[in-house]
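J.: Protein chains in written order, with the working numbering: chain A, 1 to 178; chain B, 179 to 554.
Note that these hints are calculated values from the structure, not bench results.
Be aware that a few hints might be false.
Claimed, not checked - Residues from chain A shown here face chain B by an in silico Cβ test under 10 Å; the list is partial:
#: 1; residue: V4
#: 2; residue: D10
#: 3; residue: Y13
#: 4; residue: K16
#: 5; residue: G21
#: 6; residue: M23
#: 7; residue: Y40
#: 8; residue: K45
#: 9; residue: L47
#: 10; residue: R52
#: 11; residue: G116
#: 12; residue: L117
#: 13; residue: I119
#: 14; residue: S121
Even for Gly, the Cβ is constructed at its ideal location relative to N, Cα and C.
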Amino acid sequence: MNSVGKYFSDIFYGIKSLWKGLMVTGYYFVHPGTIVTQQYPENRKELKMFDRFKGEVILKHDENNFHSCNGCGICQLNCPNGSIEIISDSVPNEDGKSERIIDKHIYHLSMCTFCGLCIKSCPNDSLAWGQEFEHAVFNRDVLTKILNKPGSRIKKVPKEPKAPKPVTETVPTSNPAN
Amino acid sequence: MQEVELSDILTAREDGDYIVNIGPQHPSTHGVMRFVVSLKGEMLEYVIPHCGYIHRGIEKMCERMTYPQIIHLTDRMDYLSAHMNNEAVSLLVEKATGVEVPERVKYIRTILSELQRIASHQLWWAAFGMDMGGLTCFFYGLRDREHILDIFEESFGSRLLHSYVCPGGLMGDIHPNFQKRTKEFIKYFRKKLPEYDQLLTGNVIFEQRTKGMGIMSKADAISFGATGPVGRGSNFACDIRKKFPYSAYDKVDFKEILYTEGDSWARYKVRVDEMWESMKIIEQLIDNIPEGDYSAKMKPVIKLPEGEYSQRVETAKGDLGVFVVSKGEKYPYRMHFRTPNFNNLFVISQLCAGNKIADLIAISGSLDLVIPDIDR
Ligand code: SF4
Ligand code: SF4
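The following block holds chain A by itself, in its conformation from the complex (with noise of 0.2 Å):
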């Protein structure tokens, strides 16, 4: 008789457990407004990222096609692989004096692996993310992209009294470890 008993009081409390998880299924199955699920394709005109989602490296341009990268290299020093290459040119200026400029600021995205040392270690704080996501093309050499948009110049700022400078982890090319 035990046993009966037991059998059929197992069987019981299976059923009920089992009815405790439909009922919180059920509940949401009648609830449609608790969906959170996007319909992404779909979405894509009202689908906005976050301000600081890492979708690429960019190189910050103002209306008037200037950036204010002088092409010193020291982000392509911190990128951990290699993902950034810098191509520096020197024109005079108007003093006579050659001076450097950015020639080509190559950005290896499919190589990047968004950590952001570069956009931390940039003394210029020239480089920005960019919250373009859809990335996928099927061709890799599309990845590699050049950042400064042709005919861009650096943008000359009036020679100030140098704001303290930020806190970077840099590995400066001029300035000796220490």
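We have chain A; now place chain B with the ligands onto it with these hints.
T.: Positioned in the frame of chain A, the structure of chain B with the ligands alone reads:
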């Protein structure tokens, strides 16, 4: 249990013995892990794990990287505990260079670690339920994890591999919304966590597949070095947060969850209870984040003085140890990670012996293995 070599099993086969390969691509094994399983009928005799399928040589790569650069590699070991991994290396560098980080950084690091722990346990709960055949769990676990990932994404741009904690502090300040969103999440999750119990904890199928399955004694846990929820499920008090407090853990009040049974069920309960504890820790800190800098001043080139250094942190999986031998250069001479999953993996043969083959997945699921952390 005596040592078993693969060749021993292959030669000493009798009628009714099978050698079965599970993996490396089996979807239920959570990554590319291969188990060589020796079966007698349906009963498991030995399980020999073979690792190395996603070995990337992270320790060797570290020898050619500066300390700030190493951070982004540690993300890729245990990707579900990225913050704690970052923190381990950061704490080590700070300890070695004698830098004192601001209080604000300590608080934020602790909150982030606990959020990350909840997120990791949520994903484990989801996947564990799915291993047992409850697909619903997977959706519900990921639904709640999404809230944490949103908090992360808003504050520092990435959802999984953050590289946010760095030597000296943090890469940037937290987002102005961070506190508000975290408090909202705690409120939300306090309501949702009981659902986990309704869906899975009391479920009769789940109970019968976990209770009394894969029992590990405390002595085994200690001799195998199983830490984290796996060790604590066997009553092995191994919480680094309690034993060697770092960051702001000495300022908060929380319980170390211990269960005595040592079976899959105990490991499950440890993790569910830890989610409650983590929420308690966050609640104690979130309103009291002190004002201040988000980073201490570090030298432009970080060099560790000559010597040997080590640091331990408690990740979601257990005790992560970092060991560095420095020759006074900006690169480490040798870097070693003692990852929790590696030790937790090798108890599996002990746990499985005598159970049925279908329980292998259930038992390995209860260990919460992250394969990149094993192979690193
Ligand atoms: S560190 Fe900044 S200024 Fe220097 S090359 Fe890179 S982007 Fe240009
Ligand atoms: S984010 Fe990191 S990996 Fe990517 S380009 Fe910058 S430094 Fe290199």
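J.: Evaluate each hint against the coordinates.
T.: Status of each hint after checking the structure:
1. With 10 Å as the threshold, the beta carbon of A:V4 stays out of range of chain B, its nearest partner Cβ sitting at about 19 Å, so the hint is violated.
2. The beta carbon of A:D10 is positioned within 10 Å of a beta carbon in chain B (closest approach about 8 Å), and the interface hint is therefore held.
3. Because the closest C-beta pair between A:Y13 and chain B is about 6 Å apart, less than 10 Å, the hint holds.
4. The restraint placing A:K16 at the interface with chain B holds, with a minimum CB-CB distance near 8 Å, inside the 10 Å limit.
5. About 5 Å separates the beta-carbon of A:G21 from the nearest beta-carbon of chain B, less than 10 Å, and the hint is met.
6. For A:M23, the interface hint holds, since its Cβ comes within 10 Å of a Cβ in chain B; the closest pair sits about 7 Å apart.
7. Violation of the interface hint for A:Y40 is found here, the shortest Cβ-Cβ separation to chain B being roughly 14 Å, above the 10 Å cut-off.
8. A least Cβ separation of about 20 Å between A:K45 and chain B goes past the 10 Å threshold, and the interface hint is therefore violated.
9. Taken as an interface hint, A:L47 does not check out: its beta carbon lies about 13 Å from the nearest beta carbon of chain B, beyond 10 Å.
10. Given the 10 Å rule on beta carbons, the hint for A:R52 holds: about 4 Å separates it from the nearest Cβ of chain B.
11. The interface hint given for A:G116 is met, as the beta carbon of that residue sits about 6 Å from the closest beta carbon of chain B, less than 10 Å.
12. With a cut of 10 Å, the hint placing A:L117 at the interface with chain B holds, because the nearest CB-to-CB distance is about 6 Å.
13. Below 10 Å, beta-carbon pairs count as interface contacts, and A:I119 has one with chain B at about 9 Å; its hint therefore holds.
14. Taking 10 Å as the C-beta contact cut-off toward chain B, the hint placing A:S121 at the interface holds, the least distance being around 9 Å.
Hint violations for this structure: numbers 1, 7, 8 and 9, all remaining hints satisfied.
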